Amino acid sequence: MRGWGRAGLLAVVVVGLAAGLGVPRNAAAEPAVLYRGNGSEPETLDIHRSTGMPEFDVEVDLFEGLVHYGPAGEPVPGVAERWTISPDGLTYRFTLRPDARWSNGDPVTAGDFVFALRRAVTPATASRYAFILFPIANAEAIAAGKLADPGQLGVAAPDDRTVVLTLKAPTPYFLGLLTHHMAFPLHRATLERHGDRWTRPGNLVGNGAYKLAQWVPQSELTLVKNEHYWDAASVKVERVVHVATEDVGAELRRYRAGEIDITNQAPIDQIEWVARNLKGEWRPTPYLGTYYYGFNLMAPPFKDAPKLRQALALAVDREILVARITRAGEKPAYSWVPPGIGNGFVQQRPTWAALPQAERNKLARQLYAEAGFSAERPARFELLYNTSENHKRIAIAIAAMWKQTLGAEVTLRNEEWKVYLASRAAKSFQMLRLAWIGDYNDANTFLELLKSDIGDQNAEGYANPRFDALMKSAETTIDLPARARLMEEAERTMNDDMPIIPIYHYVSKRLVKPWVTGWVDNIVDIHPSRYLGLAPH
Amino acid sequence: MTELAAQSLDTAAPRGRSLGRDALRRFAANRAAMAGVAVLIAIALSALAVPVLSVHGRDEIFWDLIGAPPELSGWHPFGTDSNGRDLFVRTLHGARISLLVGIVATLVSLVIGVSYGAVAGYLGGRVDAVMMRLVDILYALPFLFFVIILMVVFGRSILLIFVALGAVEWLDMARIVRGQTLSLKRREFIEAARALGVPRLTIVRRHIVPNLLGPVVVYATLTVPRIILFESFLSFLGLGVQEPMASWGVLISEGAKAIDTAPWLLLCPAGCLAATLLALNFIGDGIRDALDPRDR
Amino acid sequence: MLALAVRRLAGALPTLLAIVAVAFFLMRLAPGGPFDQERVLPAAIEANLRQTYHLGDPLMTQSARYLGDLLRGAFGPSFKYQDFTVTELIWGGLPASLTLGLGAMVIAALAGVWIGLVAALKRNSRLDHAVMAIAMTGIIVPNFVVAPLLTLIFGIYLHLLPVGGWRSAAHAVLPIVTLALPQIAIIARLTRASAIETLGSPFVRTARAKGLSERRVMTHHVIKPALLPVLSYLGPATAGVLTGSVVVEQIFGIPGVVRYFIQGALNRDYTLVMGVVILYATLIILFNLAVDLLYRVLDPKLRTP
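Chains as they are written, first to last, in our numbering: chain V, 3 to 539; chain R, 95 to 390; chain U, 390 to 694.
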């Protein structure tokens, strides 16, 4: 028995030790903490190295650009209190607000923006999103290593409160680009002192409404109110915790248990349940993205087969798909650019979009036959998608529609994300699942993907000189309505060629607790914490 | 599998005939084990007969019945999945894949493990030391991780799943077989064969391996469930079999996502899996008890 | 015994080296790289990345550089989580993973042995059958089913425990239970089987014949030999628990290291994957060694081979 006592004691010690080591004990529940589901763990908080929404949603709280996001995701003056644009659209002159401060109390100066923008395009920074800044004069040449001196970038600070940006060509959506994390300022002394460790809690100096208090990788980032922020008086929530919620099912459970106030997503399997049982908290909102299938136009069977492509596009019953499969209120997509996009662009639909599905199916069967296919000689092809529950279900449904309506034989192939990307780059696919979320609120972020000279992003290999020419002239047109008409014409041209099958336009799928105040649904799905509040609950 | 065991014992051991028949009688008297056999046969038969049995196609979509609960009027005894496909048909198709993966991977591990362990145990000495050292080294390999990487690198073919799982599982088998061989080696009939000048590998093949089958079969009945579970784990990670094929692992991991909103998606395939695994376990216990009279 | 430990550890080094090599080249075989993403990068930016991270060099040069870094104890920065080094990520996640793994193993060993002994003593009773049926259920229900079920019951319906995160001891309860359940079941079955065998052996019969109390027979003659097979199971079981942690860490949102296995491989986070592989192999080697040493302590026959 003595031996057992000892073993038991040992066990207790081991467990106790392990528990002491492993479980942080700052469980003190404070009243005014906002817990936000952030999706994945942020890859980095270095504004020049980050690439996705999980990083941006945190960075938008920690930093503030010349132009920043309003409560509805619209661009509003940030560090710049006003600006002027030269008549040729090439020179932007920003005047900084005098009370802008870093989180350590230093004033935010024009030099901080110059420093940050130069770092962004310097090749050694190896920034993946440097291309966002390419409208600025010389940015592309510096990033490509053709110009060695980042000092030649089109940015200047005539005095501490003035930033002057010079563009290489007029860019009507340029102010929108400045809300991107690539255009945020940086605190030079901090980077010089801490090197690679400048984004750590305690080191990071930002100019946003919040500052970084704690970062537990794969778990949560805790932000506290930045008392030096110029508009600190209007910031309502003292503490914001961005929780890494990689597993959407688990995120919903944590939301239901009251551990999270705002989710990042809702699991596709439970949308119906959520819509029924969490009324008022479930906020599906149109989002700046399109889900689509691309044809490989460089290889059979879709090369030079416009009728087959048309037939397949017509035979997809999008209404049923969004009503029965995706079910979060997605909008059926009949064209490429999402409706409601900025700068006056109106989505151009093909004429058949007005027909009922039965008519479309009839037309589809006719085109399918004209393309030389029949029940005896069906079209056979492979549809490639990356591993995900959502993509799988849509592919199964659409393949069934094609089989039912046309008799086409579709094989599904799913590949893990990085393998899928490699297949896409090598064009080793016949049909490909794709999606695009706009980088900024302008039709250009969508339409430019189909330009013949854009590179691998044009996975289909679409090339129509007329489309290219229209896009080219839109790029240099400053007059917004005229520019929008040119791009609308480009979209119509593309619709006639049918290089892609648009399927649906995205919705953001957030759940927001009723006690969260100041929440405004918006198309870019950006909700800085500084506008949010917590009602007593 | 049970017949196989009894049969081999029958033909193999010198005193085998009566021993095997005894074992078979004891096994037949074990009600739990016989129930297990019955369940397993029933599941295997319905999996095989799926094309005949099913009223619905495997990828037929019922657009008005998406994620519908079980109902008998439209012949959806297990309901439909979130794509509107009949879950009963999918579960039976899943049975094919899961049983196949379980059995083939077990056979792979059996072949490698038994021959490796028997040779190491019988030859003994330095050969044995080197061979078992290799097994120790392989034990330290993060196999799970390599299986996942293999899936990632080479894509998900069923064949790869077989091979990978078999390759992981043979280590335990080799250890068990070696231990048994060591004790068999000293038995009289082996000594006799050696005295008669029978070549060493022939002794291993003709006398050692057949006598190992008892414990090996018991172990194998435990390996099959482990492999089926491991396949479901791969499915949970999104590395399971491809559409439109299904396995129980795929169905269960899909069902687990809607556990509180559409429980039948989990319960129906999980029930089948549980029944199979229980059956295998009872059969395994039955064989062990049947072969080991001391334990009665 | 010390000599054995030293010998085994020295022997482990080449094993580790081989594992590192296999993992390194296997990772590089996989299509795609750490920086591939939806957005295709302009060629100039792609080139910057390749140069900064030496991804353009020949594979042999890269592996030599990696090995050199390893020997200096540097695992390098993570490709995906660029603000942290692999060492930081692993040290940061290890306490949580160890708490889960050791907690689950200790609970599983104590509960499993106790249940197994009880079942063996009351062999073929109703209690025995009931306990073993429950144990069977524990083995066959995958943990990705148990985890959401437990969170639903204890977190959402009963509001007793938190369902995710890692802030207090309460957060550790459900994950540890999820991990421990199948192990309890397996250990209980193993203990029951070997205890039954021991109970039937001659020396126990002798002890009983001497008139020792049942309790004394149990503690002095049955438990120790009955535990040997359980002990040799603990090595592989630890590997099993680590594997199960992948699911548990993901579902409960726990900042552990084990899920870096999957994440790292899927993200092509080369350095992170290598770090976790090395960690995992080292842990398994150590656990197997510990089990062997314990075995020798408990089984005198093995002390003089």
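No wet-lab data here; the hints were simulated from the structure.
Watch out, some of these pointers could steer you wrong.
Ranges between beta-carbon positions, derived for each pair [as the list claims (entries may be wrong)]:
(1) V/T353 - U/V411: 56 to 64 Å
(2) V/Q216 - R/G151: 38 to 46 Å
(3) R/A138 - U/N513: 36 to 44 Å
(4) R/F248 - U/P447: 20 to 28 Å
(5) R/A223 - U/D517: 25 to 33 Å
(6) V/G342 - U/T441: 38 to 46 Å
Far from chain R by the CB rule (all over 12 Å, computed), these chain V residues [claimed, not checked]:
(7) M55
(8) G75
(9) W85
(10) N106
(11) G197
(12) A235
(13) T353
(14) A402
(15) V421
(16) K515
Note that the coordinates shown come from a computational prediction; the quantities given were computed from them, not determined experimentally.
For each residue, glycine too, the CB sits at the ideal point set by N, CA and C.
To see whether the hints hold, each was checked on the structure:
no.: 1; hint: V/T353 - U/V411: 56 to 64 Å; result: holds, 59 Å
no.: 2; hint: V/Q216 - R/G151: 38 to 46 Å; result: violated, 54 Å
no.: 3; hint: R/A138 - U/N513: 36 to 44 Å; result: violated, 30 Å
no.: 4; hint: R/F248 - U/P447: 20 to 28 Å; result: holds, 23 Å
no.: 5; hint: R/A223 - U/D517: 25 to 33 Å; result: violated, 42 Å
no.: 6; hint: V/G342 - U/T441: 38 to 46 Å; result: holds, 39 Å
no.: 7; hint: M55; result: holds, 21 Å
no.: 8; hint: G75; result: holds, 30 Å
no.: 9; hint: W85; result: holds, 47 Å
no.: 10; hint: N106; result: holds, 44 Å
no.: 11; hint: G197; result: holds, 33 Å
no.: 12; hint: A235; result: holds, 44 Å
no.: 13; hint: T353; result: holds, 26 Å
no.: 14; hint: A402; result: violated, 5 Å
no.: 15; hint: V421; result: violated, 7 Å
no.: 16; hint: K515; result: holds, 19 Å
The structure does not agree with the numbered hints 2, 3, 5, 14, 15 stated previously, though it agrees with the rest.
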